[in-house]
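Which chain is which? The protein sequence lines are B and X, in order.
Quick note on our numbering: the first sequence kicks off at 1 and runs consecutively.
Quick note on our numbering: the second sequence kicks off at 1001 and runs consecutively.
Derived by calculation from the structure, the hints in this document are not laboratory data.
The C-beta atom is built at its ideal place from N, Cα and C for all residues, glycine as well.
Take these hints with a grain of salt, some might be off.
[As the list claims (entries may be wrong)] Computed spacing ranges between beta-carbons, pair by pair:
no.	chain 1	residue 1	chain 2	residue 2	range
1	B	125	X	1329	41 to 47 Å
2	B	233	X	1324	50 to 56 Å
3	X	1306	B	56	50 to 56 Å
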Amino acid sequence: MSTPMLEIRNLHVRVEDKAILKGVDLTVPKGEVHAIMGRNGSGKSTLSYAIAGHDGYEITDGDILLDGQSIIEMEADERATSGLFLAFQYPIEIPGVATMTFLKAAMNAQRKNRGEEEMKTPEFMKAVRAAASDLSIDTAMLKRALNVGFSGGEKKRAEVLQMALLAPKMCILDETDSGLDIDALKVVSEGVNHLRSPERSMLVITHYQRLLNHIVPDRVHVFSDGRIVKSGGKELALELEAEGYSAFDEAAA
Amino acid sequence: MTAPKTAQRTVHLSEAENTLISQLLGAGARQAADEMTSVGLPTRRVEAYHYTDLKALLRDVPAIAQESEQVGVPQFRVPGAYRILVANGRIQQSTTPPNGIVVSEVAGSPLNERDDVLVRLNQALTGSSLVIGLQSSVDPVVHIDHRITGPASHAVSSVKIEVAPGATATVLETFSGSDSAHMGTHGTRVELAEGARLTHIIVDLSSAQSRHFHTIEYAIGANVQLRNLLVNSGSALSRTQMFGVFAGEGAHGDFTGLNLVDDGQHNDITLDMNHAVPNTTSQELFKSVVRNSAKAVFQGRIVVSPKAQKTDAKMMMQGLMLSEGAQILSKPELEIFADDVQCGHGSTCGELDAQSLFYLMSRGIARDDAKAMLIRAFVQELLDPIEDEELNEALSGIVEEWLVRPQAGT
Ligand SMILES: Nc1ncnc2c1ncn2[C@@H]1O[C@H](COP(=O)(O)OP(=O)(O)OP(=O)(O)O)[C@@H](O)[C@H]1O
Ligand SMILES: [Mg+2]
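One chain only, chain B, in its complex shape:
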C-alpha cells in the first residue's frame, strides 16, 4: 500500500486550555475524498486549523503526517508549500491587501519552494482569469481588497479559486458549501470535482448530504466531541441525514 496522503494519529488539541480534540485517528489515502460530518462545536474546524498549523491550536499529543512526513513542527506557510490547503469556513477579510497581490504572492511562494522562477504578470493574469471563469467568478471582484465586501457565497468561491490556483495535493474544505446558493453549489462542486486526481486527496467538512451528491466521497466519518465515532461509505451520510446525530452519540459513549 502506498503512503497515505494524510495520516492523523491520536491527535489531541487544546485551545486556550480547553481540550477540543480528544484522539482523532484518520487516514486519507492518495486520490481519495473523505467527508467529515458532525454537530456544531464537535471540533471539525479545530481539526482543520490544527492540520493547517494555526498557532492558537496546541497539539498536546499525536501526530499529523502529510505524504508520510510529520508536519506538526512546521509553520503554516511551510505546510502550505508542502501541498496542504485549507478552504476556510470563515475566510478572513483583509482590508488594504489587494486580492491580486495576494494571489500572486501565494502562487510565487509555491513556486519559490519548488525552486521555480517567479510568475510573469501576463502568465499570472491568464491563470487567474481561466480559474475565475471556471468558477463563474466576476474578475471585477478580484480587484477589491482580499475578501472585503465579498458576499458569503463569493468568499467561498474565492477560496476554491485559490485552491485551484495553488494546486495543493491535500485539500481541506471546511463547510465550503455553506452560504452557496443552489447554482453556485453546483458550479463550485464541479470546480472541486475537476481537481480530483489520483495525486490529490480531499477532506470535505459539511453538514449537508446535498454537497455529497455532487462531490461523492470515498469515505464518510462522523465526528463527535473531538473524535471520529463512526466511519463508513457514502451511504453513511444518508443514514445521518435520516437519523440525526443522537444515534452516533451513543456509539461514542
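We have chain B already, so just place chain X with the ligands on it with the hints.
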C-alpha cells in the same frame, strides 16, 4: 526649622541648554537666551512636552552648521520634480523655476511668535528663509531638499510657501543628510489664499543619530483644499509640530501622518488645528508603526472657536505595535466652543491581527512576507490619496525600505 523654599528656583542648566544659550547669544537673540537661562528646555512637567521631555532627551547640541561644502546626491528623489536644495540652512543655486513658481529669499523666520521653545529657536537662529511663491497652478512637484551635511551640526532651515488664489500645487519637503548626529530646528509657514489647492508632503529621513525638530504653520484661506502628509522614518529624536488656522469659510484640510519608528527612536507628531471661522472641515489621520524598543508620540488637538458653527472635524490615531518593547503614546483632544458642530476623535492601538497572519501564511506566504503585507495594508490608506504617481511610488519606497531595514538582534 527648615529654611523657607524660594519661589523662584534657578534651573540647573544642562550641557545642551548651555550650548543653546551661547548659540542664541551668538545670533544676537538676547531675549531668547534669557528665556532659556531662566526656564531651560521643557521637561515632562510642561504639558505640551509631557511625552517628549526635551531636557532629558536632548543630550547635546552640535555646533551651528557651517556653509556646506559637499552636498552629495539626494537621498529621496522624485522624477520630474523641480528641486531646490537648502544645505545647512543656506539656499543653494537652483535651476530656473518652471512657470508659476517664484523663488526668493527673505531675512528672518517665517514663523509667528508662539510660546514654544522650538519656535523661539527657529526665529532666533534663522538667517534668511526661502520663499516659494506659487502664483498659478504648477504641474511638477516642488521639492525642497533640506540637507545637513558634514560633521554633526545644528542647522536651521526655514521656508515660506505662498499659494496664490486658485492655484494648485504639490510641495514636498525632505530632510536628510550625512550620517552624523545632527540637529535641525526647522520652520515652515504655508499661506493658502482663497481657493488654493495644495498637497504638502514632509518627509524626515535624517540620519539615525539626528535630532530633528520642525514646526509647520498653516494659514488656511476660504475654500482652500489642503492635504498634508508627514512621513517619519529617520532621526533618533524628532518632533514635528503642526499649527493650523482655518481663517476662511468653506475650506477643507486633510492632515495625515505616518510614524515609522524603530529601535531607540523617539518620534513625536504634535498637531494643533484651530477652526476659527464657520463652515470648515478637517480630517486628521495619523498612524504609527513601532518596532523594537522605540516610542511614537501623537498629540492632536482640535479647537473649535465659538463662532465656528458647522465645523466638521474628525481625528483618528491608529497604532501598530510590532514588538513588546514598542510604545505608542497618543493624546487626542477636542476643545469645542461652538454648539452646532460635528467633531470626533478616536484612537486605536494593537498588534498585527493573528487571524489575518494565519490566513496569509496558510497560503504559503512566509511569516515575514505576510507581516510586511499587513503593515503595507495598514499604511496604504495614507499613501492612496497621493495622486502623483512618481511621488506615490517614492513614498511607498520609504515604507519598503523600512520593512527590510536590518534590525538589531536579527
Ligand atoms: N479560539 C477558541 N477559544 C475558545 N474556544 C474555542 C476556540 N475555537 C474553538 N473553540 C471551541 O471548540 C469547540 C469546537 O469548535 P469548532 O469550531 O472546531 O467546531 P465545529 O465542529 O467546526 O462547529 P461548526 O459545525 O459549528 O462549524 C467549540 O466548543 C468552540 O467553542
Ligand atoms: Mg466549523
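Evaluation of the provided hints:
1. A beta carbon spacing of about 45 Å between residue 125 of chain B and residue 1329 of chain X agrees with the range 41 to 47 Å that was offered as a hint.
2. Between residue 233 of chain B and residue 1324 of chain X the CB atoms are about 53 Å apart, so this pair conforms to the stated range of 50 to 56 Å.
3. Under the hint 50 to 56 Å, the C-beta atoms of residue 1306 of chain X and residue 56 of chain B, about 53 Å apart, fit the expected range.
Against the hints set out earlier in the document, no violation occurs for any number.
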